[in-house]
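**Student:** If you want the building blocks of each chain, they are given just below.
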Amino acid sequence: MKKSTLMAFILLLFCSSLYAQQIRVSGTVTDAASGAPIEFASVNVKGAAKGVATSKNGTFSITVNVGSALIISSVGYERKEVAAAENLQVTLTKDGTSLGDVVVVGYSTQKRANVTSAVTTIKGSELIKRPLASTSMTLQGLAPGVVVQQGSGQPGGDGGSITIRGFGSITGSSAPLVIVDGVEGVSLNDIDPNIIENISILKDAASTAVYGVRGTNGVILVKTKRAEAGKTSVSFNSFMAKQTATNLPKTLSAVDNMILNNEAITNVNPQAQVPYPQSVIDLYRNTPADNLNVFNTDWVDQVLQNNGLMQNYNLQVAGGNDKASFLASGTLLNQEGLIVNNSFRKYDLRMNGDINLTKKIKFSSDLFYTKSINTQPAGMAPTQIIQRAISMARIFPGKFADGQYGDAGQSNRINPIAEAEASGINRAETPTLSMRFAFTAELFKDFVLEAAYNNRTSYTEAYSARGTYNSFDPNPATNTYLFNNVIGDSLLSYTNNRVNVNQYSASGTYSFKLKDVHQFKVQGGFQALDNTFSSIGASRQGLQDPNRPFLNLATSALQPNVSGSATDFSLAGYFGRLNYIFDQKYLLEITGRYDGSSRFSQLLDNQWGFFGGVSAGWVISKEKFMDKVKFIDFAKLRMSYGELGNQEVGSDYPFVATMNGGTAYYFNNQISRGSSLNGIPNELISWESSSQKNIGVDLSMFKNKLSVTFDIYQKKIKDMLIDFPVATALGYAGNSTIPANAASMVNNGWEFSATYNNKIGKVNYSITGNISDVKNNVLDTRNQDIVQGIQLSRAGFPIRSYFVYLTDGLYQTGDNFSVPFNGTRPTAAGDVKFRDIDGNDTINAFDRVLVGNNFPRYDYSLNLNADYKGFDINIFLYGVGKRDNYISGVGVEPFNGGNWIASGLESALDRWTPGNPDAKYPRLFSGGNGNFTASDFFLRNGAFMRVKQITLGYSVPKKTLERLKIQQLRFYVNTVNPFTFSNYEPGFDPEVSNTNGAFYPIMKTTTVGVNLRF
Amino acid sequence: MLSSCEKYLDRNPESAITQRDFYSNAQQVQQALTGVYNAIGARAISPGFNNPTTYYSKLDLYTEIGLERGLSGTIGSGAYNAANGSVAELWSGFYQVVQRANNLLFYMTKAQSVMSAADYKRVIAEAKVLRAMAYWHLIVLYGDVPFTTAPPATPEELYAFAKTPKATIVDFLLPDLEDAANNLDWNPTQAGRVSKGVAKGIAARLAMQDKRYQYVADITDDIINNGGYSLNPVFQNVFRKAGQTANVNKEIMFYYPYGDADAGSFQYLQLVQGSRVQGGQSSHFPTQFLVDLFECTDGKTINESVLYNPSKPNANRDPRMRQTVIVPGDTSIVQGFTSMIFNFRDRFVTTFNPNTQVITFPSTIVNQDSASIFGPRINGLGNLWKKYCQDRDINGNAGNFYKVGWVYMRFAEVLLLNAEAHLEKGSANNIVATSVNRVRARAAMPAVANDVLGDINKLRQLVRREKTVELANEGIHIADLRRWDDGRYAEKVMPLQLYGQANSNMKFTAGVGLEFQVPAPAPTFDATYNVPISWPNGDALRLKRELRIFNTNQHILCPIPLSEITKVPTLIQNPNW
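Heads up: the sequence lines are chains W and X, in that order. Just so you know, we're using our numbering here: the first sequence kicks off at 1 and counts up by one. Just so you know, we're using our numbering here: the second sequence kicks off at 1 and counts up by one.
Careful: at least some of the hints might be erroneous.
[Claimed, not checked] A partial selection of chain W residues facing chain X, derived with a Cβ cut-off under 8 Å: (1) Asn65; (2) Ser570; (3) Val726; (4) Gly881.
Because the hints were derived from the structure by calculation, they are not lab data. Values in this document were obtained by computation on a predicted structure and should not be read as measured data. Even glycine gets a Cβ: it sits at the ideal position worked out from N, Cα and C.
Can you build the whole structure from these sequences, using the hints too?
**Tutor:** Right, here's the structure in full:
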């Protein structure tokens, strides 16, 4: 018996070595940080070719031999080895790459590793590293292919214009669709960066096809923060910044102004009497300015006298349990301009609430309120005030000691200092309230229904209350100032605008798996949106006091005026999406939308269209043959194609002709209302359409230290609306064009992004570099030139190329000046030498060519982060590799101010004279002789590299904070735009395009800030 | 669900009325008709100004009797091309009238059931008259022109159309106008509307342009006999605000009645014709040809009359001369001081007190008429238009606020059309003279003399002269200029070296008037037409402007605007342009 027992035991052992004892392992895989279940994590038996994937809830079960080791892995997480046990709770830690992140895509989410289209995600924490007033600017340089251009530093107007993968339209809009938590139409700048969890930028057609007629220009999806169950937190973020202009041109001194002005006169006629005799020049040379006989008004200094302070305060409170959670955030931004009476103030309040009604049904309610208040002088826009300030002669009186304004000597006597200080106030206040209610219900296992309703109303109350000021002339004889004139008028204009938007959506998603390796996700949904806009306005002269901007106090009989208007549009669409994943290796996504827009003809049934996209991915690193390539941790090849529409055609009703009720006539000497047709209707108008191909790779290498993404794409846009001139014999004298879907163009581009993370000792650092390029080529405009100022779009050239004369420098003494310029021109040495392109011995409009382009090429950035103990540093560089910029008006041309007497900039000293043949600028010539006609002489290299941000932070050690129950306390100092490298026109900012001197400088700021979290 | 969705997407302009919804009731139809009038009336020549001057006032400046301030590029100078702005503006302006009338006539059927039959027909009639008037201008200016009577039916029609022969257009429009006349009253209910008489008058103009003399004679006889029109005893009152109101349906058949209560309703004729001293920026001038065409009070032309004295050229002349043209020595009231005597030459203004008869020269006021490029010396010929500038200051304001209505048609024109038609169709000379004498009598000019009555050539000279001087500066003469003798008349009077008044020191004496110190001799008159064609020793003695270019085979018509030819390749340019 003993023997047999022993035998049996031996046999059993023997058998078990042949047929080892097995156990069934059940478990859950969760994220170590958040506790969230990890779907599709691989559970493999070490040393055996056996494995399963986790379910949606992170659960798995597998039968293994007792004593086996399991290797748990999931893309984006560090792999983990655990001993097999019946009930396993495995937590995985993020590996530092973003591959495991959940990415928000259109109406859905995906794991980064499974994304097959071109999507860039940005974390909110990246944005708040940049203490800027405009959220759009915080995106600059963070996403390759997403060009953010800042044109102004004006408070409330310093946001960037965002273009994704080049221009999407010639005459229509190229602006991407912005969606905040499912709500469309909210301006990105209205969303405080503090509340942003993350941003997804959908760049290719496959990712945006689900947005149909609004997807052409790319989509920016913003997800705001929500409270996490069981965590209560209070955080406070604040910064205070001092803003100064990055760059301002220097103006001519009083003496130089007189000398150069005389030279401009004598260049026209050597015998002419000069305006400033030598005695006056000598007086100015030898006498300090006394503001009575001798002036030296520094207009720029006197106009830019505001403090330029910016303050931002954000308070967030979040908390809740598994039944309900709630996050509230409030922000105040106050931004003062460089000019007095010029400021921007914004209040944000957001409340995101979630209630789990049952385990399966969740209710969410998002309330968002924002109010912006924009203030500027009423008499003149700040950009014009600055234009005057940089171009006015210092020899005119600005402001006298007792606060009286000088008669600035111009034909219309406008004094920019007074315009800023005393011309009244323009004020626009816009409160916006957005409410979103959503239900999510898991009707049965893995089938989720979601329905949402949103209403957004925005109400702008704006007024322009103009006031007058007095100008004075100095009277040196009596040492007093004499009243000269009353300048300005007292017009009060009032406007109220209301925007009301309703949005409805419903969708269902079903996820299922076949044989463990075939994962499917099917989604179908419906969305509708209607938008109505209405406005009323009234204006009246004779406002008694600009500080009391009420119509009852404007009492003049002149110019009483009332107006009003309303427009609307609506959109509706059915969308669907199919995701298929085979073995985490082969990925396929098909999306489509049957979309309708009210902007096209009902009669011709032009409203509806189908748009779709398909994308596929191959996770090469999952292939066996890649096991040998040790340095590659993850590699994915992506391809996509999609077709889209663009309904942003510039009008809500382009298909219909309307009546103009303003064609009155008089009968019996009394007015009688008349009506006539405004234009020729074109019922055929349809959306512009585009198609886009994209190939991309995502790589993660060297133990996930280096990750690289590269995309190359081609975007073809056709059916773009352009206006075709029709004969005036059709009877529409002032409106003789008909728009038609006729133009096409192509954008070819590529995008590259690389991030390297590592540590040296206790120093953690990361470097991210982005670079992208897009090249536009207009393919067809049916021989129509589309002219926009000096820019023109023509087949064979990039959109909006400069259309200018070519020049060969300046004529020199002894040159042959015989080629006439547009008829007549008193040509002499020092004048711009235009090139006679068509060789007909005269320079005229036919000699203009397309040259150069304003759209940034080789948009690049470098982002460095490092931390050591409590210290952190961030350096952010941004640049544009190639760009042409045109400079005109008072920016380059002295003594030509249109309706004011202009001086010149210091750069004008480098004008051509016989003694300065290598001058940068043509000879001076009073009244102009064609030198400043738009030509390549004034095209400037707009390439630049700019240190955009430097931040240095210090976090107080946790140990110190624990006693105070504080989780985080960080102080930082930051500077924005501290250094710029460029060969651009001195005094002007290369980021601002095509300036004629009317601009608002981009700001250089110095900031201190604090982040506090309990 | 789809169908409810489609309704959700059916959006139409909210604060604008669409073409589809319009024209559906009496009020809207009336508004659309007012829109047609607006296109007729608001045709602006307003460089730099917000308020219009009717550009009918410019048409005579393209003829031998007027000129523009601009030296070259003007239609009158002949030195212009198909890219000329006025050519394009006139073309598109008159086609705007056509378009609005066509749209109204085409779409108004929707409202037929909700309008009284009489109103409905009257709207059609008025629209047809206005459309025909626009076509008359187009034919006069451009000859054969694209002709449509309905909005384009297909997209192809927008880009491909051709010219219709003038005769075909007239063939269509004459019955159209007769039909309109049947539905209009001789006296419209409101001043400013077209009437039965205007319908027939436009028909007469159109028929005249195609030389259908019998037709013109018949229809103008009808207007004269049955219309109840009469000439206003005081010629100038037709062009004065107060006079116009009294004249409606008497002499004035159709005019633009500016809004009394509407501060923005006025024209700039005072500005573009007025003296620089009076604040005008005169850019419209009469020619010396016109001044010299006015007869002397004996009914003879200045080359024939013994009453003409080159030293005192204004004396003993047809009174209409100084009611049509301001010549040197004329007295006018000026803002700020009592009055001035018009003098293009001296450095200071000569003022005149009509009460004391005291003349002050030199005054302290700089004479801008002499010094300014906007004045009548540097770019004019020493004369200014008086017609439409009779009222200096209707509101007690600056002269720009001017509410004298533009007269589109008046009874004197019908009488003269009648005379010319009877003459050309071969009626008895006394029939011809009857109408002419009515016009001359009102002007206090002697009746047609017997020697003229007995000579068909002299009678034709007189009828044509009468038409030219009576209707000068009313935008009508260009039709005659281009029609008379198929261009042979124009060939004589257009390519002239422009001379003006004697460039001489002037002497003013109360009660006597002007005397030129260095008079210029009277011009030489053409034998065929008996009109002035050369001004002896003009270079030395007279103000001088350009030598006008006129190639009959080219300039007898304006070119079709260049941009139109570019847009519509099927449109053939007029000969030699």
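**Student:** Now, for every hint given, state plainly whether the structure supports it.
**Tutor:** Verification of the supplied hints:
Nearest Cβ of chain X to the Cβ of Asn65/W: about 57 Å, over the 8 Å cut. The hint is violated. At about 5 Å, the closest approach between the beta carbon of Ser570/W and any beta carbon in chain X falls short of 8 Å, and the interface hint on this residue holds. Satisfaction of the interface hint for Val726/W is found here, the shortest Cβ-Cβ separation to chain X being roughly 5 Å, below the 8 Å cut-off. Against a cut-off of 8 Å between C-beta atoms, the interface hint on Gly881/W is violated, since the closest Cβ of chain X lies about 41 Å away.
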